[in-house]
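Turn these sequences into a full structure, and let the hints steer you where they fit.
Protein chains: 2
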Amino acid sequence: MVNEKYKKMLSGKSVIRELAEYATARGKEIGYENVFDFSLGNPSVPCPKGYTEAVIKMHKEKDPMAIHGYSPSPGNPFVRETVAKSLRNRFDLPYETKHIFMSSGAAGAIAHAIRLVTEPGDEVIGFAPFFPEYRPYVNDSGAELKVVPARFEDFQINFDALLEMLNPKVMAVLINTPNNPSGVFYTKETLTRLSDILREKEKEYEHEIFLISDEPYREIIFDGKAYEYPSKYYANTISCYSFSKSLSLPGERIGYVAVNPAAKDADILADMCTQISRGIGHNCPAATAQLGVAEVIDEVSDISVYETNRNLLYDAFTRLGFTTVKPDGTFYILVKALEEDAVAFCNKAKDYDLIFVPADNFGAPGYFRVAYCIDTEKVRRTIPVLEKFVEEIYR
Amino acid sequence: MVNEKYKKMLSGKSVIRELAEYATARGKEIGYENVFDFSLGNPSVPCPKGYTEAVIKMHKEKDPMAIHGYSPSPGNPFVRETVAKSLRNRFDLPYETKHIFMSSGAAGAIAHAIRLVTEPGDEVIGFAPFFPEYRPYVNDSGAELKVVPARFEDFQINFDALLEMLNPKVMAVLINTPNNPSGVFYTKETLTRLSDILREKEKEYEHEIFLISDEPYREIIFDGKAYEYPSKYYANTISCYSFSKSLSLPGERIGYVAVNPAAKDADILADMCTQISRGIGHNCPAATAQLGVAEVIDEVSDISVYETNRNLLYDAFTRLGFTTVKPDGTFYILVKALEEDAVAFCNKAKDYDLIFVPADNFGAPGYFRVAYCIDTEKVRRTIPVLEKFVEEIYR
Chain A
1 MVNEKYKKML
11 SGKSVIRELA
21 EYATARGKEI
31 GYENVFDFSL
41 GNPSVPCPKG
51 YTEAVIKMHK
61 EKDPMAIHGY
71 SPSPGNPFVR
81 ETVAKSLRNR
91 FDLPYETKHI
101 FMSSGAAGAI
111 AHAIRLVTEP
121 GDEVIGFAPF
131 FPEYRPYVND
141 SGAELKVVPA
151 RFEDFQINFD
161 ALLEMLNPKV
171 MAVLINTPNN
181 PSGVFYTKET
191 LTRLSDILRE
201 KEKEYEHEIF
211 LISDEPYREI
221 IFDGKAYEYP
231 SKYYANTISC
241 YSFSKSLSLP
251 GERIGYVAVN
261 PAAKDADILA
271 DMCTQISRGI
281 GHNCPAATAQ
291 LGVAEVIDEV
301 SDISVYETNR
311 NLLYDAFTRL
321 GFTTVKPDGT
331 FYILVKALEE
341 DAVAFCNKAK
351 DYDLIFVPAD
361 NFGAPGYFRV
371 AYCIDTEKVR
381 RTIPVLEKFV
391 EEIYR
Chain B
1 MVNEKYKKML
11 SGKSVIRELA
21 EYATARGKEI
31 GYENVFDFSL
41 GNPSVPCPKG
51 YTEAVIKMHK
61 EKDPMAIHGY
71 SPSPGNPFVR
81 ETVAKSLRNR
91 FDLPYETKHI
101 FMSSGAAGAI
111 AHAIRLVTEP
121 GDEVIGFAPF
131 FPEYRPYVND
141 SGAELKVVPA
151 RFEDFQINFD
161 ALLEMLNPKV
171 MAVLINTPNN
181 PSGVFYTKET
191 LTRLSDILRE
201 KEKEYEHEIF
211 LISDEPYREI
221 IFDGKAYEYP
231 SKYYANTISC
241 YSFSKSLSLP
251 GERIGYVAVN
261 PAAKDADILA
271 DMCTQISRGI
281 GHNCPAATAQ
291 LGVAEVIDEV
301 SDISVYETNR
311 NLLYDAFTRL
321 GFTTVKPDGT
331 FYILVKALEE
341 DAVAFCNKAK
351 DYDLIFVPAD
361 NFGAPGYFRV
371 AYCIDTEKVR
381 RTIPVLEKFV
391 EEIYR
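Protein sequence lines, in the order shown, are assigned to chains A and B.
With the numbering used here, the residue at position 112 of the first sequence is 112, and numbering never jumps.
With the numbering used here, the residue at position 60 of the second sequence is 60, and numbering never jumps.
Simulated from the structure, these hints should not be mistaken for lab results.
Predicted model only: the values in this text are computed from it and were never measured.
Do not rely on the hints blindly, as some may be mistaken.
Where chains are identical, the list cannot tell them apart; a pair therefore holds if satisfied intra-copy or between any two copies.
What the hints assert, rightly or not - Below 30 Å or equal to it, Euclidean Cα-Cα: the simulated DSS-like pairs (lysine-lysine) are: (1) Lys28 x Lys85; (2) Lys169 x Lys5; (3) Lys378 x Lys350; (4) Lys336 x Lys146; (5) Lys378 x Lys62; (6) Lys8 x Lys169.
Pasting the structure below:
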């Protein structure tokens with residue numbers, strides 16, 4: 001018999017996807033260059049040339065059976081060691097091959113990490129604003145997602161609310177820095193305080209509370225700032241990474257879980273991920289994509305366009321009187337709508353072919369997300385349209 | 001806190017993997033050419049040249065953002081339509097794009113299919129001998145796997161046992177034809193009788209019983225025989241496919257779910273798969289692998305070596321007095337050990353560097369599996385060693 005839960009989920013279509021589909025359809029009517037489509041977080045810069053060259057070279061020169069053979073369940077050992085080495089060098093933590101599990105993007109990494117450190121019925125704490133897909137990741141594991149409300153003034157952590165929500169059923173805390181949708185990253189102060197609280201509660205509850213750190217935007221940081229790596233602050237950290245954004249390879253579905261070498265059971269957690277994979281029927285990312293990213297492990301796509309776009313949009317939104325927080329990175333900005341109902345606001349913006357995503361599902365009602373992974377030229381053309389929209393509708 | 005279930009699973013290491021690791025280690029001692037390693041089902045012939053050429057061409061000529069961008073959750077629509085068209089032409093069933101969901105190999109396809117048509121607590125019936133990973137696929141969905149004992153004389157279905165095990169909690173029946181580990185495929189008679197029984201029970205129980213058909217070896221058929229496609233016999237069929245074996249691309253993790261267009265809810269089942277993916281944190285196979293297989297959709301690697309190997313081994317085993325059934329396809333043969341305990345038998349064979357897998361976990365105690373996806377030259381060199389082993393230990 002057909003499963004009812006998944007059947008019902010069909011009616012809950014993703015707002016982002018609906019808007020992206022609308023933008024595409026509208027583009028067919030009036031030319032896509034005239035649609036100011038800020039709906040999707042699809043990178044707008046190509047992957048590094050080195051990736052393309054590596055893929056071509058391996059297909060030309062290597063034995064097909066060697067490159068297309070089964071990868072061991074936790075990933076190609078050479079690729080895992082390459083990831084471990086890169087993390088060692090960058091963050092000065094003693095990662096080894098055994099701490100790395102190659103996953104199908106950050107989505108796969110998070111889904112594994114949650115199952116790794118929770119049992120059905122446990123609680124996982126997340127923080128608004130948050131990527132809406134955290135809900136299905138947590139729900140499907142049998143754990144329950146509890147969301148700490150946003151601290152809208154700076155999108156750091158609302159610690160009072162966190163302290164109220166912590167209880168012995170909490171086995172994991174899920175953060176995302178820099179953040180989708182706000183673009184803000186957690187400061188040294190935020191991570192220090194969060195770690196202190198979690199360590200204290202671990203003692204009080206007499207069990208570990210794992211920090212699951214979702215970091216696909218780790219490389220996309222602006223203003224020359226330094227990224228604060230959560231695992232440096234808290235030993236029981238599982239970092240979840242994706243090459244989708246840093247290398248502009250979202251379709252290749254490749255990322256990893258990196259277990260802090262000082263975490264409880266650090267030596268077996270990546271191995272346990274392979275047991276989780278068996279049950280959900282997925283093993284590794286594609287063997288050739290693993291080999292490809294290993295060749296460019298410390299490279300990043302040319303992301304300067306995102307910073308330019310951030311500057312243009314942040315200036316425009318603030319000049320026009322919008323409330324927002326300047327993003328530290330990513331390619332998102334979260335902005336307060338000019339009326340209480342962000343859905344209504346975004347619908348009105350659609351009449352001007354401005355496609356913004358209401359952030360209700362991100363835990364930020366009244367706000368909208370702007371994904372500026374698009375050409376700068378289009379961002380420039382957006383600004384007068386935005387001005388006109390605000391002038392005509394809200395002045 | 002670390003999940004206990006997955007931690008415990010670590011101790012239950014795969015027998016196949018342990019033997020494969022032993023064979024590799026032994027190969028380092030005496031030269032791998034001297035180890036008669038029949039442990040792993042890793043294809044031993046290269047992928048079609050057209051796949052390699054297609055991958056090189058797309059990386060050389062196409063816009064990286066176009067080939068590496070996010071694929072829609074159910075898969076690239078062009079690739080889905082290519083699959084649907086190929087199935088239409090080959091099996092004369094009116095598949096459309098909407099019936100196809102691209103998955104991470106057959107493992108991903110089966111894990112999705114089980115969740116699609118069961119609720120936790122439901123029963124899924126499988127048939128010995130069976131691929132041991134069916135257990136974690138079913139267990140993790142919350143359903144329960146019940147296994148119909150093998151009909152050892154021909155590895156068709158033991159219908160008396162099936163009829164005893166059918167009950168209203170059974171929502172799905174999981175078959176694998178041609179079969180890993182027996183190499184036998186289900187005949188017209190078997191599929192007709194199975195379908196008749198299931199249709200009758202659907203009426204009696206007043207709910208659908210879906211047939212989940214695992215078909216990664218569908219293309220590897222010997223003696224010029226015709227493959228009987230289960231979906232032709234039974235409308236409520238979900239075919240689970242992988243390109244791992246037919247195109248020798250196991251590391252690329254690509255396959256699909258194909259819903260029979262006449263199945264209950266056929267129009268939404270593939271879409272429901274995308275909802276399942278959200279919860280398990282995996283979406284599509286790699287975008288470039290999808291595009292690659294679409295270019296060679298109706299090709300098959302040169303699999304003649306498998307038939308040659310089958311002939312050599314079947315003749316040798318029968319000549320030496322072993323009990324077995326002649327495989328119709330795949331690259332496996334299932335053979336009765338010369339003593340009751342197949343584990344003991346395989347351990348003794350190891351002393352001759354003959355690496356066979358005891359089939360207890362496959363639901364065939366007393367039997368062992370021989371994976372003959374290796375060079376024919378090595379198969380030829382195996383036979384005198386096998387003779388010597390039998391002569392010295394069992395005569």
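Each hint, compared with the structure:
1. In this assembly of identical chains, the alpha carbons of Lys28 and Lys85 lie at most 30 Å apart only when taken from different copies (27 Å versus 47 Å within one copy).
2. In this homomeric assembly, Lys169 and Lys5 come within 30 Å of each other (Cα to Cα) both inside a single copy, at 25 Å, and across copies, at 18 Å.
3. For the identical chains of this complex, Lys378 and Lys350 are intra-copy neighbours only, at 16 Å inside a copy versus 67 Å across copies, given an alpha-carbon limit of 30 Å.
4. In this homomeric assembly, Lys336 and Lys146 come within 30 Å of each other (Cα to Cα) only inside a single copy, at 23 Å, whereas the closest approach across copies is 55 Å.
5. Taking the shortest Cα distances, Lys378 and Lys62 sit within 30 Å of each other only across copies (23 Å), while inside one copy they are farther apart (42 Å).
6. With identical chains, the CA atoms of Lys8 and Lys169 are at most 30 Å apart both within one copy (28 Å) and between copies (22 Å).
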